[in-house]
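Top to bottom, those sequences are chains X, G, Z and H.
Sequential numbering from 1 applies to the first sequence in our numbering.
Sequential numbering from 1 applies to the second sequence in our numbering.
Sequential numbering from 1 applies to the third sequence in our numbering.
Sequential numbering from 1 applies to the fourth sequence in our numbering.
By construction, these hints were calculated from the structure, which means they are not laboratory data.
The beta-carbon is built from N, C-alpha and C at its ideal position, and this holds for glycine as well.
Beta-carbon label-pair distances, calculated as ranges:
hint : chain 1 : residue 1 : chain 2 : residue 2 : range
1    : G       : F304      : X       : P136      : 38 to 48 angstroms
2    : Z       : G246      : G       : M209      : 44 to 54 angstroms
3    : H       : L29       : Z       : A227      : 36 to 46 angstroms
4    : G       : W36       : H       : F88       : 36 to 46 angstroms
5    : G       : V501      : H       : W74       : 52 to 62 angstroms
6    : Z       : F71       : H       : W74       : 29 to 39 angstroms
7    : Z       : R61       : X       : S259      : 54 to 64 angstroms
Below, computed lysine-lysine pairings styled on PhoX-like, alpha-carbon distance capped at 20 angstroms:
hint : chain 1 : residue 1 : chain 2 : residue 2
8    : G       : K552      : G       : K515
9    : Z       : K24       : H       : K76
10   : G       : K440      : X       : K87
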Amino acid sequence: MRWPILSAKSTALRAKTAIALAGAALLPGCSWIRAFDLNGHQSTIDVEGPVARTQTNLFYVTCWVTLVLFIIVGAVLAYAMVRFRAKTEADEHAVPPPQGHGNPLVEVGLISGAVLALVIIAVPTVKGIFYTYDVPEVQKGEAYQVTATGYQWWFKFEYPAEQIAGHGALTTGNELVIPAGRPIHINLRSMDVMHSFWVPKLAGKVDMIPNRANLLWLEAEHPGYYWGQCAEFCGESHAVMRFRVIALAPSEFNAWLNSQMAPARDAHPGAQPATAEATAQFASVRSFGQNETGATGAFEVSPLDAWRRKQLPDSNEDPALIARGRELFSEKTCSTCHTIRGNPSAVGIVGPELTHVGSRSSIAGGLLDNTPEQLRRWIHNPEAVKPGNKMWVTGYVPNHITLSAGDEVCLVSYLESLK
Amino acid sequence: MADALAKTGFLGKEEHAPTKTFVLWRPTAKTGLMSWLTTVDHKRIGFLYGISALFFFLVGGVEALLIRIQLMVPNNHFLTAQQYNEMFTMHATTMIFLAVMPLSAAFFNFIMPLQIGARDVAFPRLNAFSFWVFLVGAIILNIGWFIHDGAPNGGWFGYTPLTTKLYSPNHAIDMWVMGLQLLGVASIAASLNFIVTIINLRAPGMTMMRLPVFTWMTLVTAFLIVLSFPAITIALVELMMDRLFGTNFFEVSGGGMPILWTHLFWVFGHPEVYILILPAMGIISEILPTFARKPLFGYPIVVFSGASIGFLGFGVWSHHMFTTGMGTMGTAAFSLTTMVIAVPTGVKIFNWIGTLWGGHISMRTPMCFALGFIWMFMIGGFSGVMHAAAPADAEQHNSYFVVAHFHYVLIGGSLFALLAGIHYWFPLMFGRKVSEFWGKLSFWLVFIGFNVTFFPMHFLGLNGMPRRTFTYDSNMGWGTGNFVATMGAFLLGIGVGTYFVVMVYTFFKGEKVAKDPWDARTLEWGLPAPPPEYNYLVIPTVHARDDWWYEKHHRSEVAAERAVHAKEDAAHGGIHMPFQSIYPFIAGVGILVGAVGIAVVDADPGPGLVGRKLATCLVGFAILLVASLLWSLEGNDGYHIHPEGEVEGDGHGH
Amino acid sequence: MSSISAADIDHHHDPSTSTGIPNKKLLMWTFLASDCMFFGCLISTHLIYRLHPPPGVPAARQIFSIELTSFSTFILLMSSLMMALAVNAIQKGNLRSLRASILTTVLFGSIFLGCQVYEFHNFVYEKHLTITNSILGTTFFTLTGTHGTHVAVGVLWLVLMYIRSFKPAGAEAAKGTWLLFSFAHLVVFAATLILTGYVVLGVARAGQADGFNLKMIGTYAGAQYPALIATLIGFLGLRWFALPRGEVDFDQRNAVDVEMMGLYWHFVDIVWIVIFTAVYLLEYIS
Amino acid sequence: MSSPAAAASAHDHGHEENKFQIFVQIAMLLAVITGIEIITVYLPFASWLLIWTLVIFSAVKFLFVIFIFMHLRWDKPFCTILFFIGLFLGGGTMWALLKLFGAAASFPLSSVVK
Ligand code: HEA
Ligand code: HEA
Ligand code: CUA
Ligand SMILES: [Cu+2]
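Work out the full structure: start from the sequences and follow the hints.
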C-alpha cells in the first residue's frame, strides 16, 4: 500500500473484516486470509463516502447478527450430531429412542428469538433505505448535479450546470470528475439496454434503465481516484464496461471545469511547447490480447497524481503529426461519431465526446490506460479490445475504415494533444 | 427397474378392453423402446425425468467448469465474450429448469404416489405428456449449440430490452423464449396432476395431517408452480410478441417500459427459487427421522412453515430489484417481507435439529448429505438475509456475493438434498444399495469441493467483483480468489464424477438388499423393491403419521385388516390399470415441430401467408391437434389384472 | 368409475376420491386458480400502460364502441346462463336439453367472437389502431385477443362435447365408423360455423356501407350465393348428423365432463367481466 | 379406485331443488348490473367514486358467477378455497404491481422530463 489515502484506515478495517468474515470461514491457514484482503480498487468494505459507509455498516450489522446465530445454531447442531450419534453397528439396531413429536414451547421461543434478530437488522435497514435514496434534505442545496447515461458499452457524463454556448451542457466520457466533500446527485439514464452505475467505494449501485428516471447520490469524503464498473448485464462486452470517478478539492475541481469548458486545444505549429512531463501508469489492462497478468497493482505515483499530470500537455508533442491527425479525424469519418469542440467537422454524438480526451487517464470505457500505445491499439482494431463495440460494428465495418501505421501515429498524436 | 417391470406379467385382458380401430390401438409393450414411449406408469415417468435431469446436470456442470476455466486467471482468453455469455446463460437455465426442477419432479413422480398409497397419479396420460413437453423444451433450449445463431446469451433472467429483437437480432433468444414457454406448460400440467393426486388419491386413513412431509412439500411446490409460472408465461408471451410481431411491450420508442419485464420475471422468479428448495426440504424431512430413528420434531409446524414459505414467497419478488430505484416505500416494504421469510425457514432448521436431538443417529451416506444440507443451507440462508437488507444489497447486488449466496442455497441446499434423496430411495427404486465407502467418499469430495469453490466468492463479491463478467484485471485483487474457486470447481467435478460412477455401478452391480434397508418410517417402504407396476396389491389403510413404522410395530392387526380388504378387492374385479398410450408422445412431437417453426426457422421475406416458418408451425400444430383429438377419443379406460402375490406387510422387515 | 351405475350418481360426491370431489373438477379449479394469475398479469400490463400512456397514444374513448362491447358482454353473460343450464340438464340425464343448451352456448360464444372480429377489423382499418403502432394497440389487442382465444378454445370444446354426445353405446362404438363419423361431424360443424360467420359479417359490413334494407341483402345474396348455399348445406348436414341413431353412450356419468367444461366457460366469462370494467368502462370516466 | 376413501363423509342431498329458476334469475340480475355499470360511467360524480362503484359492481357480478353458475355455493368448500388462493395471489400481485408502477419513482421518463 503506497497510497497515503488508504493506509491509515485500512489496517483497522482489515482487522474488522477479518474477524467478521474469516470467523465464519473456517479457513485452513493464514495464507488464505491474505487472499481476502478486501481492499481492492472496488472494495465494498474499504469505503470512502457516507453512502457506501452506511451500506457497509449495515452489512456489518447483518454479518454480526447472522454470525452469532450461526454460531449458536451451529453449536447446537454440532452437539446433537456428536452426542446422539450411534457409535456402533449394534447401536443402530438398538431399541429405538423415545418417539417424541415436538414441543410447542420450544418452537415459540425459537421463533421469537428469530424475530428479535430480524428486528435488529430491520431497523438500520429501513433507516438506511431512506438515507441512501436521495441527498438528505439539509444538504440538498449544496448538491452538485450530474447526468450519467449508459451506452453499450461506455458511459457519458453531463454537467447540466456548466452550459457551453452552442453546445449545451459540458460533456465527458467514461471519467466522471466531481468535487470532493460535496453531495453529488446523479441522474441515471440509459439510451439502449439496462446498465448499472457502480463505484463501490463511494456508493452502492443503481440501475440505468431505459425509459426510467433513476437517481443516485454519493459523496467522496476526500479527493481520490475511484474505479467503477457497469453492474447490470448489458450484452457482449458488459464485463469491460468500466469507468472512473475522480474526486477533486473544490478549487481544483473548478480549475478542471474551466479547462474542460474551453474548446479543444489547438496545438498548431509554433504554439507554446508544453512544460510538464507526464508519464503515468494506470494499472488497467496492460496488454489485452495476450494472456498476461496485466499490471501489478503497485503504482509509481498515486493514481490521482497520475491523473493530474495527464491534464498537462506532453512536452515532446509534434505539431505536424497533430495537424495531420486532425485532418485524418475527418477523412476517416471519425468525426461523424465523435464531437470535438473546436474542430467544426467533429460533431457526431454516437461515440464519447473527445474534446479533452487527452486529459483522461483511461479510454474505451475505462478499459485501457490512456497511453499512446494503448490508444493506438484501440483505434487500430477496437474489436480486438472490446468485442462487439459499436465503434467497430457500426463504424469501422460498414464504413470500411482502415488505418495505416502512419495514420495511427498521427491520430494518436492528435487525440493525445487534446488536453 | 426395467427387468422388474418386465417381470410383472400382463395378466389378461378382460371385458373392459374393447376391440379398437387401428388408430386407437392400445400399446401393450412392457419392454423395449415402445414401452418407454407409451408408458403412463408414474414410476417409469419418474425414471425418465431422473435420467434426463442427471444428464442435463452434467451438461450444466460442464458449462460451469468452462466458466471457471475462463475465470481462473485474469484476462483469460479461453472463451470469447459471446461464448462466455452463452455459457452462464445456459448453465443457469440448464441447472434450474433442466436439472434441479426435473430431478425434483422425478421424486414427485416416483415417490409421492407411493407415499400416499395410490396406484398411480390422477391423470396418467397427462403425466406422460408433461414429460414429453419437458423434453421438447429442453431440446429447443439447447438447439442453439448446434446451429449458427448460437445458444441463448441474455442471462437466465433475460432482461429486456437486451433480449428484444433490436439488441439480440438472431434466433438465440427466440429459442430461450420458446424453450422456457414449453417448460412452463410442462411444469404446470405436471403440477395440476400432482395437486389432484395428493388431494384426491390418498389411501383411506391418510389424512392431510398424516401425509409424509415430502408429499406435503410436493403439494406446496406444485401450487407454487401453478401460480407462479403464469407470470413468466405472460412475460414471455409479451417478449415473443415484441420479437415476432413488432409490438411495443418493451420497446421504448413505442412507450414500452422494460422494467415491466423485470417485475413479471421476478414475480415468477422468486417463487421459483422456493420451487427449487421446498422439495429438497421435504426430502430432508424424510431422511432425518429415518436415520435418527425418531419422528419428525414438530410435524405440524414443519408443514405449516413450508406452506407459509410458499405463500410469503409471492410477496418478496422485488428484492431482486432493490437497485432498480423503486422508491423508498417499495424498497422498504420488500426488504421487510423478505426478512420475514427467514422465520418459517428458521423454524424448519430448528425442527430438524429437534429431530436429531435424543435420537440414535446412524451416519449413512444419505444422512451425510442431509446434514451437509443443513449446514450449507444455513450459510446460504444467512447471506440471503444479508441481501434482504436493501442498502447493503446495493453493494452486493450483481456481484459474486450473490453468486455465492445462490450457489449455497442451490447446491448446498437443493442439490445436496436431491443427491441425498437418490441415495436414500435407491434401494426402493432398484433393490440395490450404494456402498457406504464410495458413497461417503463422494460426499466428502463434493462437500469440500463445493466449499472451496463458493466460499471465496463471498470475498470476491465484497471486493467488488461483478458477476457475468468474462474477464477481469489482475490489479483488482480478484486473482487468488478466482484461482482457488476454479480449483474447488475441479474438485467438485471429481466429486460429482465419483458420485455418478458409483451410482451407475450400483445400478448394474450393486449390493442387493431386502426391502426397507434403512428401517424407515413412511408407507412406500412397505413395498417390495423395486415396486410392482400396480404399487400396492391391496390399498393400505393408514393408521398413523409414520404408517410403515406403525405397521412394523402392529404387525398382526394390520395383516388381519389387509386380508379382509384383499378379499373385497378381489370381488371388485382385480386391480385396475390404465392403458398405455402413444398420443402424449405424438403430441410432444407436434409441439417440437411447431416450436422449431416459431423459434428457429427464418421468416421468409416474401409476401403472402405461405412461408417456411408458417408452414412448419402449421404442420406442428396439425400433428398436435390430431394427437389430442385421438387422445380424447381413445378414452381413459384401462384393464384389470389379478397378480398373485403375497399380501404385503406380513412378515417382512429387517 | 365404471362400476357405478348411472342411476345412483351423486354429482357432489365421488366416492372414489379422498375428498369426494371428482378429479376432473379439482383439476379444473386448480387450473382456474392458475389462470387467475395469468390474466392478473396480463390485465396488469394493460393497466400499467394505461396509467402512464406515452405521449401520442390515441385516446381509447375515441376508438372504443361502448354499444358493441355492451352487446357482446350481454351475449357472453347469456352464454354463461346456457352453459349452466347444460350442466343442469345432463346431471338430470336430459340429453335433448343438454344438446340444445350446448348449441345455444356455441351460438352465443360465436356471436361474441364475431363481435370481436368485427371490433378488431374496425379498429385496425377504420380507427388505425394496430398492434404495432402504439402501446395501447399492443396491450389492448394482446389482452382481448388472449381472452378471445380462450373463448375460441371453449367453443371448440363445446362442439367436441356436442359431438361426443352422439357416441353410440356398446359395440357400435368400436367399429371405427364412430371415429370417422365424429371426424366428419367436426369438420362439417367447423365449416358451417366459419361460413355462417363469414356471411353474417359480410352482411353487417355491406349493411354498414349501404344501410340495411332488402335491396342490400338481395345484392349481397346475388354476389355471395355460393357461400349461402354452402352454409345451407352445412346446416342440413348438421341436422343429418344429429338424427337419432339408437342408444348413446352419454349420460349422467358424463356430467362431470360437461361440468368441467362449464367451469372453464364461466371463468372465461368472469375474466370478461373484469376486462369489460377495467379495459372499457374505466376509459369513459372523465 | 377400489376402496372408498372418505366413506364416512356425510352425503348431502338437501339441494335437489330446481336450479333452473335460480340460474335464470341470476342471469337477469347480471344483465341489469351490467346495464347500471354502463350508465354509471356517464354520471357526473368524482372519478374515484365512479371507479370504486365499478369495481364493486364487477366484483358482485364475479361472485355471483362463481358461486351460482360455477356451483361453488353447493360444492365442497375446498373448491372455493382452492380458487381463492389463486384469486387472492393473482389479485394481490395485480394490486402490488399497480401500486409500484403508480409510485412516482416508476413514472416513465417521458412523463418525468418535459
Ligand atoms: C434455492 C434457492 C434459494 C433460496 C432458498 C433462497 C433463499 C433466500 N434468498 Fe435468495 N436467491 C436465489 C436462490 C435462493 N434464495 C437465487 C438463485 C438468487 C439470484 C438470482 C439471480 O440474480 O440470478 C437469489 C438472490 C437473492 C436476493 C437478491 C440479491 C441480489 O441480486 O441483489 C435476495 C435479496 O433479498 C435473496 C434473499 C433470500 C432470502 C432472505 C432467503 C431466505 O429464504 C433464507 C432463509 C434462511 C435462513 C435465514 C437460514 C436459516 C434460518 C435460521 C437458522 C433462523 C434464524 C435466522 C434469522 C433470524 C436471520 N436472494
Ligand atoms: C441449481 C442451480 C445451479 C447449480 C447446481 C450450479 C452449479 C455450479 N455453478 Fe452455477 N449458476 C447458477 C445455478 C447453478 N449453478 C445460476 C442460476 C447462475 C446465474 C447465471 C446468470 O447470471 O444468468 C450461476 C452462475 C454461475 C457462475 C457465475 C457466472 C457469472 O456470473 O459470470 C459461476 C462461476 O463460477 C458458477 C459456477 C458453478 C459451478 C462451479 C457449479 C458446480 O456445482 C457444478 C458441478 C458439476 C460439475 C463439475 C460437472 C459434473 C462432473 C462431471 C461431468 C465429471 C467430469 C468433470 C471433471 C473430471 C472435472 N455458476
Ligand atoms: Cu452496461 Cu453492463
Ligand atoms: Cu428471491
